[in-house]
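Protein chains in written order, with the UniProt record's numbering: chain A, 1 to 714; chain B, 1 to 714.
Hints are computed from structural coordinates only; laboratory data are not their basis.
Take the hints with a grain of salt, since some may be wrong.
[As the list claims (entries may be wrong)] Restraint ranges, calculated between C-beta atoms of paired labels, are given here:
hint, chain 1, residue 1, chain 2, residue 2, range
1, A, 119, B, 480, 29 to 39 Å
2, A, 683, B, 670, 34 to 44 Å
3, A, 197, B, 674, 50 to 60 Å
4, B, 520, A, 639, 23 to 33 Å
5, B, 643, A, 197, 41 to 51 Å
Where is the CB? At the ideal position from N, CA and C, for every residue including glycine.
2 protein chains.
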Amino acid sequence: MILSALLTSVGINLGLCFLFFTLYSVLRKQPWNSAVYAPRQIGDEEEEEDGFFNFDMLLPSAGWVRRAWQVSEDELLCRSGLDAVVFIRIFVFSSRVFAIGGAIGIFVLLPVNYLGNQLSIDFYDLPNKNLETFSISNVNDGSNWLWVHFSAAYIFTGVVCYLLYYEYNHISLRRIASFHSSPPQPRHYTIVVRGIPSSEGRSFSEAVQAFFTDNHPSTYLSHMVVHRTSKIRSLIKDAEKLYRTLARAKSQSSQQINKKDRLLGLFQGRDTDVSHYEQKLEDLERNVRTEQHSLTEIHQEVPAAFVSFKSRFGAAVALHMQQGLDPTEWLTEEAPEPRDIHWSSFSSSFMKRWISRIVVVVACVALTILFLIPVVLVQGLANLEQLETWFPFLKGILDLTIVSQIVTGYLPSLILQLFLYLVPPVMLMLSSMEGYLSSSSTEKSACTKVLWFTIWNIFFANVLSGSAFYQVNIFLEPKNIPKILAEAVPGQATFFISYVVTSGWTKLSSEISQLTSLLWSYVTGVFSSNDDEEIEVPKLPYHSEIPRILFFGLLGTTYFFLAPLILPFLLIYFCIGYITFRNQLLNVYEPKYETNGRFWPIVHGSTIFSLILMHVIAIGIFGLKKLPLASTLTVPLPILTLLFNEYCRRRFVPLFQYYPTESIVKKDKEDQNRPNMAEFYDKLVTAYRDPALLPVQYARNNSSLSSPLLQSQV
Amino acid sequence: MILSALLTSVGINLGLCFLFFTLYSVLRKQPWNSAVYAPRQIGDEEEEEDGFFNFDMLLPSAGWVRRAWQVSEDELLCRSGLDAVVFIRIFVFSSRVFAIGGAIGIFVLLPVNYLGNQLSIDFYDLPNKNLETFSISNVNDGSNWLWVHFSAAYIFTGVVCYLLYYEYNHISLRRIASFHSSPPQPRHYTIVVRGIPSSEGRSFSEAVQAFFTDNHPSTYLSHMVVHRTSKIRSLIKDAEKLYRTLARAKSQSSQQINKKDRLLGLFQGRDTDVSHYEQKLEDLERNVRTEQHSLTEIHQEVPAAFVSFKSRFGAAVALHMQQGLDPTEWLTEEAPEPRDIHWSSFSSSFMKRWISRIVVVVACVALTILFLIPVVLVQGLANLEQLETWFPFLKGILDLTIVSQIVTGYLPSLILQLFLYLVPPVMLMLSSMEGYLSSSSTEKSACTKVLWFTIWNIFFANVLSGSAFYQVNIFLEPKNIPKILAEAVPGQATFFISYVVTSGWTKLSSEISQLTSLLWSYVTGVFSSNDDEEIEVPKLPYHSEIPRILFFGLLGTTYFFLAPLILPFLLIYFCIGYITFRNQLLNVYEPKYETNGRFWPIVHGSTIFSLILMHVIAIGIFGLKKLPLASTLTVPLPILTLLFNEYCRRRFVPLFQYYPTESIVKKDKEDQNRPNMAEFYDKLVTAYRDPALLPVQYARNNSSLSSPLLQSQV
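Between the sequences and the hints, there should be enough to build the whole structure, so can you do that?
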């Protein structure tokens with residue numbers, strides 16, 4: 001790719017970005033769009049300043065940028081929780097890394113590369129310059145200038161490690177602080193016990209009661225055995241759907257057409273339907289109640305229970321120690337928040353869970369490797385000549401300069417993108433099959449899966465660009481890896497620069513403008529008329545967003561000394577991303593559950609992996625460039641990085657798993673003087689009741705009973 | 001090697017074994033040898049039936065075999081602890097495995113191998129038969145008879161896994177049972193705390209006191225901060241040495257020559273020495289006291305302490321939970337038995353320990369790999385022609401049939417053996433540098449190191465027999481491993497058969513006859529005259545014995561279907577070993593400390609590794625023998641084995657790490673009614689006092705004060 005093609009691509013995308021951001025700044029001021037652009041405000045305030053037309057509303061403005069910028073981290077923590085802060089810290093961390101890396105890259109490495117003449121291309125024709133001129137490929141073989149790259153690799157690694165340590169420390173302190181400042185929460189007083197051993201003539205509930213009064217007599221408070229409620233859950237789901245239909249039918253028949261914005265009156269005048277639905281709903285409710293009753297009668301218990309304790313310390317003790325003689329029985333786990341529970345994963349046994357976890361790992365690996373086939377196809381599309389061979393009738397169009405530049409610069413990553421949209425939901429499904437008890441753990445696991453998937457299928461597949469089998473083969477001969485990567489990676493620099501520009505920037509514009517939600521809200525707004533219909537505030541999908549950002553970090557790290565031209569584009573991405581996501585977290589996304597910063601170790605691990613990958617490539621490159629001494633002297637770098645990682649693992653990871661005794665005891669002591677603890681204990685006893693077992697009543701009472709039901713489906 | 005050479009080797013070793021066992025049965029009856037053959041009896045009973053000569057004492061007898069056989073496992077447990085039982089269970093397990101494996105091998109596989117004609121050697125000349133005729137190499141390529149080997153591999157793996165599960169279960173139950181039946185022990189009430197944070201103006205002792213009264217107010221009992229006592233320890237060592245010299249000088253000057261068995265009176269008539277020594281000893285003692293006093297004055301504390309609790313449960317809670325906010329501070333560990341403590345490893349910090357652990361790992365890997373050079377040399381010696389080239393003057397002797405047979409059958413493994421004697425002490429030293437707090441952990445770690453060392457340096461080095469570098473290289477190309485192993489392993493079958501016969505059987509005879517100790521006792525008996533000198537009861541060196549036995553297990557497992565001829569010899573080894581070591585554990589070795597069966601997971605892991613190695617070789621062999629279907633169908637076998645291992649890890653390993661809450665609470669409840677608990681608590685407070693800080697007094701009091709001193713040097 002030549003420089004002018006890249007500039008075309010950058011130009012197009014910059015224009016699109018600007019367009020979308022301008023569009024957003026106008027659209028967000030329109031009150032009827034607030035369900036899309038500020039659903040949290042509506043949820044929080046329940047007031048709409050309707051009607052008041054103002055000319056200012058049609059002018060684009062940058063006020064939202066200022067507001068998003070000004071919000072402090074504490075405020076963000078308060079509004080969106082620690083997970084949101086961690087998410088934003090990824091941008092902060094990456095911006096810092098690539099600001100420093102970019103400065104080194106552009107002002108030191110780029111000139112060195114450009115002044116080399118390995119590729120012996122005309123020095124002056126800048127626009128038609130091959131982008132490779134700016135990469136390490138242009139430095140002469142055996143040139144001493146390569147020591148600049150060598151030093152840059154060491155300095156960059158040092159900077160990244162320092163920043164990693166700083167962030168890990170910062171976030172772990174935040175995590176402890178947020179524990180200290182939180183009011184008593186049921187999850188800190190409760191543990192999940194699984195693998196309750198069955199004995200004849202005794203229910204699981206009795207077994208739990210006996211075991212914990214025996215072994216934790218002074219701290220045990222109560223327990224709640226889990227039941228098989230999948231049938232009830234599906235009945236409730238039906239009832240809820242019916243209830244909504246009924247509500248809609250009712251409002252239609254009573255209000256008649258009184259809205260201007262309703263264009264088609266398709267659902268009018270169905271008075272008879274209402275009574276029919278009411279009858280049906282009552283039947284369903286009766287069914288649910290019968291089922292609920294039969295559950296407690298026939299003891300359809302699952303060998304799992306929530307056990308609550310009188311203090312956080314009591315719960316922590318039971319959590320940390322192996323309880324029963326058989327380590328596969330009486331397994332203890334942290335209790336998730338009540339709203340975070342994944343009720344359907346309770347029914348599986350130790351053995352079943354274990355096997356399904358293995359199956360999922362196998363499925364995941366298979367998916368990751370087999371996915372290569374469409375990617376290789378995409379790789380072919382990126383090649384202009386290939387395209388002309390396949391579709392000869394396009395030859396005329398493709399020969400136009402502008403079209404050819406769009407095709408090489410834009411199309412390939414767009415198609416890749418479409419394929420990749422399917423991956424996060426699939427990985428989330430696989431993770432939920434693993435039987436995690438909470439949605440947050442499922443999402444965390446899916447996040448890791450998506451990350452590896454992305455790294456393998458975008459980075460390695462594009463770099464190695466052979467058949468799937470060939471690529472797996474490479475990794476069976478570890479000693480050739482540096483050489484193979486060093487040969488292949490620099491060649492893909494231009495592809496990844498255009499990937500950052502197209503995929504990265506485009507994603508941010510589509511994130512801020514929320515085009516799909518906007519269109520969807522118009523469509524539903526036209527076809528349905530119910531004003532009361534609740535606006536569902538969405539949740540930021542960490543499992544698809546975090547891997548994407550981390551992948552850009554990986555690109556920046558690996559290409560830092562190979563092709564520093566990528567760094568400014570990345571820096572722009574991270575800076576715009578920072579503003580965009582702060583805005584979205586404040587206005588659009590609401591946390592549905594809280595892992596208290598547990599996504600950070602994934603970020604740390606991914607960054608360490610990126611560094612090691614960079615080192616491996618450096619070792620290979622210096623070998624290829626006939627500077628074997630530099631190659632040998634780079635070997636300590638990955639080793640030192642791994643030692644640093646190991647140190648961080650010991651220093652910080654325990655803090656992300658459990659809270660230390662010191663904090664727990666301190667919190668417990670503070671709570672002894674809290675006035676409303678008795679009330680809290682009363683709530684604690686029922687906090688972990690399965691929502692499917694709560695009494696249902698739609699038919700008579702139409703007020704919003706649906707909130708507990710929504711939880712049951714999370 | 002031909003059959004007759006093997007038979008010669010077997011004959012020689014069988015003769016030697018018989019000789020040594022006969023010798024033992026005579027020598028052990030001589031009362032003056034009881035310090036070598038039954039030091040435990042002396043220690044236990046303190047009575048010697050001296051003088052009574054009996055003609056029966058000169059006749060060999062097999063009574064000791066009967067006695068060793070008849071002792072029940074409970075009795076052994078009672079006399080020598082659970083570690084001894086675990087050690088004997090290795091023999092029981094291996095005998096069972098190779099009894100079944102041997103039956104399959106000899107009655108099914110051997111005839112199949114022998115009837116093949118791949119090697120096309122004359123069918124009838126049995127004595128000159130190459131041993132390869134009995135191995136899988138003789139089965140025709142692509143023959144369907146190979147399916148017999150295939151089935152045998154599956155059946156054998158199944159049998160081994162079943163027996164592994166059975167043993168793991170048996171030993172874990174024993175472990176729990178021995179915990180349940182034990183009286184209150186200080187180590188169950190105590191934990192070690194390391195990384196106590198330092199704060200100005202406060203001693204570590206005060207910090208510990210404050211922290212644990214804060215965080216464990218209801219269970220905390222007392223603590224004992226560790227001091228820097230290396231200087232005092234060396235002073236005490238000197239004092240002790242001096243004290244012994246003094247005692248000897250005293251007894252010599254007072255008693256004069258009154259013993260017939262003293263041949264040389266070298267140390268007589270040094271009356272003046274006695275007062276000189278006494279003076280010196282008193283000076284030393286004063287020094288020790290001054291040092292001890294200064295320690296408590298100047299607060300030469302180490303940031304580590306023993307913290308005792310009022311109950312086992314309290315100690316377990318503090319042990320399992322992360323205590324401080326910083327995970328590198330307030331680190332808790334299980335307290336070793338007081339006699340098991342390695343006092344000198346307390347002084348190192350978290351960082352220093354961590355780095356020294358890494359250094360030791362590197363040193364260990366380097367040693368393991370570089371050791372290959374002498375082994376390759378030994379491999380050359382095993383080759384008769386090579387020997388003749390190097391030492392041409394030996395040609396005449398080497399051409400004699402009997403000499404050549406001895407050289408090929410016996411010499412190589414003997415030389416190898418000499419080299420290997422140095423390894424266990426070196427590995428023990430490396431492990432002690434890792435900074436384990438107890439001698440038992442150090443020994444356990446050394447055991448693993450020696451095991452890997454043995455497997456790499458005896459098995460792989462002999463099998464691959466190239467340069468050291470070449471061999472490391474192979475493992476960088478994992479997909480070629482099965483093929484390379486399949487080509488190389490069967491060829492070394494004869495070497496390993498002779499290795500079992502020479503190294504294995506010889507070791508057992510030398511174990512039972514204790515020749516070196518016997519000679520040493522004669523030598524010291526001649527030169528020293530002190531009757532009061534304590535007989536030091538030795539400890540079974542698990543770190544060198546267990547890897548040896550496990551290595552024979554590995555040989556048997558890998559060669560099971562390749563060359564089943566090895567199995568009978570192994571079975572004999574394990575059966576004799578069973579009797580020998582039971583006898584030795586009852587009469588000779590005394591446990592110095594108790595890990596409560598923690599060596600078993602090493603045995604389990606090693607067996608699993610052997611199985612996997614066998615499977616890998618099987619995959620390669622079936623490929624080489626042109627039966628690719630069998631090769632493919634063998635692939636699930638290692639996967640299933642690893643899954644089985646993973647299941648065992650979850651099912652049993654936690655029991656070998658800590659005791660479950662259920663047991664701990666039960667024990668605590670039982671002890672509430674124990675009458676002498678107050679007395680126990682009093683003892684508990686001082687149980688973990690550094691022996692170097694105990695008051696010393698040799699000069700006046702000559703009674704055996706040396707026992708606490710001996711502990712300080714362990």
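Right, here's what the structure says about each hint:
At roughly 38 Å, the beta carbons of residue 119/A and residue 480/B sit within the given window of 29 to 39 Å. Checking the proposed 34 to 44 Å range against residue 683/A and residue 670/B shows it holds: the Cβ atoms sit about 38 Å from each other. Under the hint 50 to 60 Å, the C-beta atoms of residue 197/A and residue 674/B, about 29 Å apart, miss the expected range. Against the hinted window of 23 to 33 Å, the Cβ-Cβ separation of residue 520/B and residue 639/A comes to about 47 Å, which falls outside the hint.
Under the hint 41 to 51 Å, the C-beta atoms of residue 643/B and residue 197/A, about 23 Å apart, miss the expected range.
The structure is inconsistent with the numbered hints 3, 4 and 5, although it conforms to all the rest.
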